[in-house]
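Q: In full-length UniProt numbering, the protein residues as written are 1 to 134.
No lab work stands behind these hints, which were simulated from the structure alone. Among the clues, some could well be false.
[What the hints assert, rightly or not] Simulated restraints, written as ranges between beta carbons of each label pair: (1) Asn20 <-> Leu116: 47 to 53 Å; (2) Ser130 <-> Gly18: 39 to 45 Å; (3) Gln133 <-> Asp53: 35 to 41 Å; (4) Arg126 <-> Pro58: 40 to 46 Å; (5) Lys89 <-> Gly18: 19 to 25 Å; (6) Ser22 <-> Leu114: 50 to 56 Å; (7) Pro11 <-> Val59: 22 to 28 Å; (8) Arg37 <-> Leu116: 23 to 29 Å; (9) Leu114 <-> Glu45: 26 to 32 Å; (10) Glu4 <-> Glu117: 30 to 36 Å.
Treat the numbers as computed from the prediction; the structure is a model and nothing was measured. Note that beta-carbon positions come from the ideal geometry of N, C-alpha and C, so glycine has one too.
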Amino acid sequence: MDDELVPVCTPRLAAELGDNPSPDALAGFQLIHDVYRHDWQLWLEAAGATGLDPSRGPVFMHGNGAYDAMKAGLGFALMRRSFLERDLKEDAVVTPFPLGIASRLAFHLVYPGLALEQPAAAAFRRWLLSEAQA
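Using the sequences plus the hints, can you model the full thing?
A: Here's what the structure looks like:
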């Protein structure tokens, strides 16, 4: 299952951007990174942002640390959309820019070839694929 990376922040920070913000507006905010620090550069290039240093801001060794820092209002994090689904629906976090970029990370279901001969394994695979499509 593929995923995309989107910039995310608290609703309070999004309000500071104003209506229809340009990606260049991120110059006034912290960029929060996880170990895939170069992803911000990829997103900023895709968004056409100029004059921003994509390497500035704190780096966390795990996405959870970056997410927690963002939730604390410390800046914008670039996160996988699937990780944010519940908080986005509950408006706990927002994505103020519509652009997402493909994540290099994906979810894979791996199993031995004969596993699907087991009814429980086949049912689990069907359920998992159904959930992923939803």
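Q: For every hint, state whether the structure bears it out.
A: Verification of the supplied hints:
1. Judged by the Cβ atoms, the range 47 to 53 Å given for Asn20 and Leu116 holds: they are separated by roughly 49 Å.
2. For Ser130 paired with Gly18, a C-beta distance near 40 Å keeps the hint of 39 to 45 Å intact.
3. The hint said 35 to 41 Å for the Cβ distance between Gln133 and Asp53, and at roughly 39 Å that hint holds.
4. A C-beta distance of roughly 42 Å is found between Arg126 and Pro58, which places it inside the suggested range of 40 to 46 Å.
5. At about 24 Å, the CB distance of Lys89 to Gly18 agrees with the hint of 19 to 25 Å.
6. One distance hint, 50 to 56 Å for the beta-carbon pair Ser22 and Leu114, holds here, with the actual separation near 54 Å.
7. At about 25 Å, the CB distance of Pro11 to Val59 agrees with the hint of 22 to 28 Å.
8. Roughly 39 Å separates the CB atoms of Arg37 and Leu116, a value that falls outside the hinted 23 to 29 Å.
9. Remark: the range hint 26 to 32 Å for Leu114 to Glu45 is contradicted by a beta-carbon distance near 45 Å.
10. Take Glu4 and Glu117: their Cβ atoms lie about 35 Å apart, and the range 30 to 36 Å holds.
Checked against the numbered hints given earlier, the structure breaks hints 8, 9 and satisfies all the rest.
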